[in-house]
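Chains L and Z are the protein sequences, given in the same order.
Everything in the first sequence is counted per numbering that gives the first Met the number 0, starting at 0 for the first residue and increasing by one.
Everything in the second sequence is counted per numbering that gives the first Met the number 0, starting at 0 for the first residue and increasing by one.
Some clues are possibly wrong.
Coverage of chain Z stretches by chain L, computed from C-beta distances (three or more under 8 Å per stretch; other residues unrestricted) [stated by the list, open to error]:
#1 17-30
#2 78-92
#3 111-123
#4 152-159
#5 221-235
#6 238-246
Facing chain Z, from chain L, some residues (calculated, C-beta under 8 Å) [stated by the list, open to error]:
#7 P14
#8 F92
#9 V97
#10 P111
#11 A120
#12 A121
#13 D130
#14 F131
#15 R149
#16 E180
#17 R182
#18 I184
#19 A186
#20 R239
#21 W241
#22 V248
Label pairs and their calculated CB-CB ranges [as the list claims (entries may be wrong)]:
#23 L:D213 to Z:A234: 45 to 51 Å
#24 Z:N54 to L:P19: 23 to 29 Å
#25 L:P19 to Z:T29: 46 to 52 Å
#26 Z:A42 to L:A250: 41 to 47 Å
Treat the hints as calculated values from the structure; they're not laboratory data.
Even glycine gets a Cβ: it sits at the ideal position worked out from N, Cα and C.
2 protein chains.
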Amino acid sequence: MSGRLVVLGLGPGAPGMLTPDATDALAQATDLVGYVTYLNRVAVRAGQVRHASDNRVELDRARLALGLAEQGRDVAVVSGGDPGVFAMASAMFEAIEVGPAAWRALDVTVLPGITAMLAAAARLGAPLGHDFCAISLSDNLKPWPVVLRRLTAAASAGFVIALYNARSRARPEQLGAALAELRGILASTTLVVFATAIGRPDESIEITTLAAADPALADMRTLVLIGSPETRLIARVGARPWLYTPRGVAA
Amino acid sequence: MSGRLVVLGLGPGAPGMLTPDATDALAQATDLVGYVTYLNRVAVRAGQVRHASDNRVELDRARLALGLAEQGRDVAVVSGGDPGVFAMASAMFEAIEVGPAAWRALDVTVLPGITAMLAAAARLGAPLGHDFCAISLSDNLKPWPVVLRRLTAAASAGFVIALYNARSRARPEQLGAALAELRGILASTTLVVFATAIGRPDESIEITTLAAADPALADMRTLVLIGSPETRLIARVGARPWLYTPRGVAA
Numbered sequence: 000m001s002g003r004l005v006v007l008g009l010g011p012g013a014p015g016m017l018t019p020d021a022t023d024a025l026a027q028a029t030d031l032v033g034y035v036t037y038l039n040r041v042a043v044r045a046g047q048v049r050h051a052s053d054n055r056v057e058l059d060r061a062r063l064a065l066g067l068a069e070q071g072r073d074v075a076v077v078s079g080g081d082p083g084v085f086a087m088a089s090a091m092f093e094a095i096e097v098g099p100a101a102w103r104a105l106d107v108t109v110l111p112g113i114t115a116m117l118a119a120a121a122r123l124g125a126p127l128g129h130d131f132c133a134i135s136l137s138d139n140l141k142p143w144p145v146v147l148r149r150l151t152a153a154a155s156a157g158f159v160i161a162l163y164n165a166r167s168r169a170r171p172e173q174l175g176a177a178l179a180e181l182r183g184i185l186a187s188t189t190l191v192v193f194a195t196a197i198g199r200p201d202e203s204i205e206i207t208t209l210a211a212a213d214p215a216l217a218d219m220r221t222l223v224l225i226g227s228p229e230t231r232l233i234a235r236v237g238a239r240p241w242l243y244t245p246r247g248v249a250a
Numbered sequence: 000m001s002g003r004l005v006v007l008g009l010g011p012g013a014p015g016m017l018t019p020d021a022t023d024a025l026a027q028a029t030d031l032v033g034y035v036t037y038l039n040r041v042a043v044r045a046g047q048v049r050h051a052s053d054n055r056v057e058l059d060r061a062r063l064a065l066g067l068a069e070q071g072r073d074v075a076v077v078s079g080g081d082p083g084v085f086a087m088a089s090a091m092f093e094a095i096e097v098g099p100a101a102w103r104a105l106d107v108t109v110l111p112g113i114t115a116m117l118a119a120a121a122r123l124g125a126p127l128g129h130d131f132c133a134i135s136l137s138d139n140l141k142p143w144p145v146v147l148r149r150l151t152a153a154a155s156a157g158f159v160i161a162l163y164n165a166r167s168r169a170r171p172e173q174l175g176a177a178l179a180e181l182r183g184i185l186a187s188t189t190l191v192v193f194a195t196a197i198g199r200p201d202e203s204i205e206i207t208t209l210a211a212a213d214p215a216l217a218d219m220r221t222l223v224l225i226g227s228p229e230t231r232l233i234a235r236v237g238a239r240p241w242l243y244t245p246r247g248v249a250a
């Protein structure tokens, strides 16, 4: 008898941004599997088994979850944000693809969540109001020249760019290199935002320009947004300006 | 005395994907402002005033909402999906920017939602598992050559592409032209998905290839996903295959 596997996203961390579907799946699960930082955001329920793991062991975590579901457990794999955006869902299907045939017969559900760029954008105004892209700056699983090529393509074509995995202790240099690349393409006045821990008590937002952007403002909790040539500020008295990208592009 | 303005997203339409923050804002509002199709998805509360408008009058709708908030009302502007992704939030800030100074002093909050590409991706597996972009195919507010340039840039650089506003009765031709452009860049076997009315009772999903993709499968409820060269299917017995994009790109 096989169980059930739900891959869900907690959103940014605030309870008000967790979907009811994810809340239900968390309540129903016999087993929770996830990176310890995300599992720590979920209330403990008596009788529920927690399988916490370190960062960067996504495939091991996926196989553990699939094995538990195969044994008949009701498993929730817990991601931050949206599980399909630089999170656990892809690793899960990578594991299924090369795993035992029985895993393809499992009842697998992915539940979407509020990913970091949507949460950050909402706090700022509407910077994703026009065409945009999401790029992971991590070169753990793709060559750095591919990252640079995508940055160049996106900036040259006028996309707003959301940078995930912009900076970590293990990869302190990529963000500086990415900003240097973008300075060769975009105006120095292009708006850049460092949005850190959005929706959590330690939330912070820094709005700056491409010329002034300091990579040290980012850590592994930071989503970096690069505006398009159309992205602009609306000044306010005594409050942070709103940042938005108009719906249109002039001919 | 000024009121409050919340711009919120209903997500795809299923109650299980509506955030608690949005639910609370809908309950608290004295006035709901929105496109009639979205307002019809919100339960009626006694005493709450509904201001329904037609599609494509976003600035008028924004100004109505801002005027109501200025008069002290507690206004919820209702979008589908996420309000910041090809929805009402940008129009709201466009109206504020050119409106009376008093509008900049209003208490404005944007609440994120599950945008169509996240909901569609979750149903399919994990097609947004690597770098991706979102492009509106509408040329109502941007020149068509800009759309083509962005499609070319995104496809050439290996992004998965989510097409919003892919097709409507007023714009039946753009999607075919976009697919023709992409056929000049991507392999004919590139996976293409037509995801229609995801999360609603009339939900449908068609998985096909770039060579076979028929624009007639799309209407104004359809999100079209174009895979990257890495996007792949996992076959299943007696069930729709899973679609996912691996986390890595080979050197």
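Legend entry - Hinted contact V248 (chain L) with chain Z - closest CB pair below 8 Å: holds, 4 Å
Inset, instruction - Tell me if chain L covers the segment 238-246 of chain Z under the three-residue, 8 Å CB rule, please? - result: holds (count 5)
Legend entry - Satisfaction of the P111 (chain L) interface hint, Cβ to chain Z closer than 8 Å: holds, 4 Å
Inset, instruction - Would you settle whether the hint for F131 (chain L) is holds or violated, based on the nearest Cβ-Cβ distance to chain Z being less than 8 Å? - result: Holds - the Cβ of F131 (chain L) comes within 8 Å of chain Z, reaching about 6 Å at its closest.
Inset, instruction - Closer than 8 Å between Cβ atoms is the bar; does D130 (chain L) clear it against chain Z? Give me holds or violated. - result: holds, 5 Å
Inset, instruction - So, R149 (chain L) near chain Z? Judge it on the closest CB pair being under 8 Å. - result: holds, 5 Å
Inset, instruction - Could you tell me whether the CB distance from N54 (chain Z) to P19 (chain L) stays inside 23 to 29 Å? - result: holds, 28 Å
Inset, instruction - With chain Z as the partner, please determine if E180 (chain L) meets the hint condition of a C-beta pair closer than 8 Å. - result: Result: violated, 13 Å to nearest chain Z Cβ.
Legend entry - Proposed interface contact between P14 (chain L) and chain Z, which counts if any beta carbon pair is under 8 Å: holds, 7 Å
Legend entry - Hint check, R182 (chain L) versus chain Z [nearest Cβ-Cβ separation less than 8 Å]: Nearest chain Z Cβ about 19 Å off; hint violated.
Legend entry - Hint check, W241 (chain L) versus chain Z [nearest Cβ-Cβ separation less than 8 Å]: It holds, given that the least Cβ distance between W241 (chain L) and chain Z is near 6 Å, below 8 Å.
Inset, instruction - Have a go at the A120 (chain L) hint: is there a Cβ in chain Z nearer than 8 Å to its own Cβ? - result: Holds: closest Cβ of chain Z sits about 5 Å from A120 (chain L), inside 8 Å.
Of the numbered hints given earlier, the model fails hints 9, 16, 17, 18, 19, 20, 25; all others are met.
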